[in-house]
Amino acid sequence: MSSLIDQYLLFRLRTKRDPEAFAKLYDRYVVAIYRFVFLKVSSREKAEDLTSDTFLKTWEYLQKDVEIKNIRALFYQVARRTVIDHYRHDSIQRTSEEVVTFSEAHTSSDNERVFSDQARERQKIEASAEASLLLDRLSGLKEDFQDVLMLRLVNGLSFSDIAVVLEKTPGNVRVIYHRAMKALEETNP
Amino acid sequence: MYAHSIVRTLKQLRDEKRGIHPDPAWMLRVRAQVQGQVQASCAQGTQAKVSFVVQAWQAVCALFPTSVIAAIRGPAFAVASLIFVVLGGSIMSVSAAEKSLPGDVLFSVKLATEQTRIMLAKTQGQKLKLKTEFVGRRVQEVRDLVASPSPDQGHRIKAAAELLKRDLDTVKTQLHEADGQVSAGEIASAAKTIDEQSTAVVLVLKDARDGMSAETKTTMTEAEVAAVTTGVKAVQILIDAHDRPEVKDVMSDEELLQVISNRVQGMEAGIADAVKIVASSTPEALSLSATSTAALTGSTSTTQEQIQDAQTSIAETKVMIQESNLGELKDKLGEVAKVVANVEKTVGALPATSSSTDDGVSTDGDGTGSTSSTTSTFTTSTVPPK
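Line order of the protein sequences matches chains A and B.
Using this note's numbering, count along the first sequence one by one with no gaps and you end on 189.
Using this note's numbering, count along the second sequence one by one with no gaps and you end on 1386.
Simulated from the structure, these hints should not be mistaken for lab results.
One should not assume that every hint holds.
The calculated BS3-like cross-link candidates involving lysine-lysine, where the alpha carbons are at most 25 angstroms apart (straight line), are [claimed, not checked]:
{"no.": "1", "chain 1": "A", "residue 1": "Lys-69", "chain 2": "A", "residue 2": "Lys-168"}
{"no.": "2", "chain 1": "B", "residue 1": "Lys-1206", "chain 2": "B", "residue 2": "Lys-1248"}
{"no.": "3", "chain 1": "B", "residue 1": "Lys-1099", "chain 2": "A", "residue 2": "Lys-168"}
{"no.": "4", "chain 1": "B", "residue 1": "Lys-1099", "chain 2": "B", "residue 2": "Lys-1206"}
{"no.": "5", "chain 1": "A", "residue 1": "Lys-24", "chain 2": "A", "residue 2": "Lys-46"}
{"no.": "6", "chain 1": "B", "residue 1": "Lys-1276", "chain 2": "B", "residue 2": "Lys-1338"}
{"no.": "7", "chain 1": "A", "residue 1": "Lys-182", "chain 2": "B", "residue 2": "Lys-1129"}
{"no.": "8", "chain 1": "A", "residue 1": "Lys-46", "chain 2": "A", "residue 2": "Lys-69"}
{"no.": "9", "chain 1": "A", "residue 1": "Lys-57", "chain 2": "A", "residue 2": "Lys-16"}
{"no.": "10", "chain 1": "B", "residue 1": "Lys-1206", "chain 2": "B", "residue 2": "Lys-1338"}
{"no.": "11", "chain 1": "B", "residue 1": "Lys-1011", "chain 2": "A", "residue 2": "Lys-46"}
{"no.": "12", "chain 1": "A", "residue 1": "Lys-142", "chain 2": "B", "residue 2": "Lys-1129"}
Reference listing, derived: stretches of chain B covered by chain A, where coverage requires no fewer than 3 residues with Cβ under 8 angstroms from a Cβ of chain A [unchecked claim]:
{"no.": "13", "stretch": "1105 to 1113"}
{"no.": "14", "stretch": "1129 to 1138"}
Quick list of the computed label-pair ranges, beta carbon to beta carbon [said to hold, decoys possible]:
{"no.": "15", "chain 1": "B", "residue 1": "Gln-1033", "chain 2": "A", "residue 2": "Thr-15", "range": "22 to 30 angstroms"}
{"no.": "16", "chain 1": "A", "residue 1": "Glu-20", "chain 2": "B", "residue 2": "Ile-1118", "range": "51 to 59 angstroms"}
{"no.": "17", "chain 1": "A", "residue 1": "Glu-20", "chain 2": "B", "residue 2": "Lys-1011", "range": "26 to 34 angstroms"}
{"no.": "18", "chain 1": "B", "residue 1": "Ser-1100", "chain 2": "A", "residue 2": "Leu-4", "range": "50 to 58 angstroms"}
{"no.": "19", "chain 1": "B", "residue 1": "Ser-1108", "chain 2": "A", "residue 2": "Val-66", "range": "24 to 32 angstroms"}
{"no.": "20", "chain 1": "B", "residue 1": "Arg-1073", "chain 2": "A", "residue 2": "Gly-140", "range": "28 to 36 angstroms"}
C-beta: ideal position from N, C-alpha, C; glycine also.
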């Protein structure tokens, strides 16, 4: 049903050039994309900027009249590339301090860090200290493992959608997922 | 940490209360920004007008998975092709049948189409109009067959004449049935057309007669008789309706009298031909002919007596025309037509050697010679309408 709504909105956008259709797509996916980006950049401002860029870039891509089969996967795909471009072009190195480290931020004595966006977001989920620890452990995994686990468990994408986002086959994604789960289980807290 | 625990914990990040959520104000701000960008792009872009079919196909592609489309595309194309072939073939067959002539393979399709059209007609007036149109077709078919010699021309003309007679009889019946059911103007218009058609039938059959076999000539004579009686019936209907205002637009009294006059002159010329034929016949032949037709007509009078009766009736009719006595003309015309038809049948039964209008030897459509035994009193006498 969700896919049907997406297809209908995409159809409206393509044939009727209805701006409201894209606005509705934005409403449907802005929270999920923001969450996906935030977990990668760990900064509210950066997450907001990159999320905004994601939607604008997606719109530019849609104007190229390329066949779109799955707009949801496309949003994640663009978001992922935007984050990659962000790190690559702005020469931002993901140092160990910048990586999502909720536990570290939580225990940091640095006032800036304590009141950072990351910390504020972490406070939102402080009821789940377990989640903070888990995200910390997750950040120590390979990039592919992180992506698959986040897309699958945090964002709820199917293996075939994740395959589109990561430009892999669904079978490959399944294998990565099971390896990532095993790696995460084996990671000591 | 177990896998199920990891799954549960990470899924909590989606929780609306405890999960990660952007600032609502930022969301609205970016929404407006994105929407503005999209609107600006849409306003700038001049999109070519997409046809309904393309839009429909895009909608299908958008709403159904590619696998489903791929699965149904083949069968759908096959069904569409089948429909195209069946419908296209039917339309082309019917179209081709419209030009067919008696004896052609598609002629039965043409007749079936005509029957269907008559069945679908809602009113008696529409049926009458259609049937009149079809009589016109039959006349044209005879013309076409005469104009295009072929080995089986004689048989085909005979078949066409039989159909013509059948259609004329049907028109006559329908004229009778329509009287009272259809508006006076409508029926007068149909009657006028039928009168013209019947005259055309006689002229066409006259032209087609030469070179036909005896059997074909007999059929053609019957068709001519049917044409004349149908024409007379049409004129009788015109007489009946002539005093109604709506009929005046179709035909004035003067025109009606002219039509009657033409009709009577045609019958008079036919009787004159019959007189010549009888004059050249032997008494034995006349006796034989009268005996053979007496069984058919129920008349015990001799051929000469029938001719005299016809001449008398025609003379009386001409007086009525001069007096513009339309009231009595209707019945008188019917009477004259009946007498003339009896003469026609009697004279038609005479051996060909006695005919003054026929050389007695005719050639079949297939080129074989045969002795003609039939002639027509109407063939040289019909006066075309003005």
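Subject >> Violated hints, by number in ascending order, as checked against the structure >> reply: Of the numbered hints given earlier, those the structure breaks are 2, 3, 7, 8, 12, 13, 14, 19, 20, listed in rising order.
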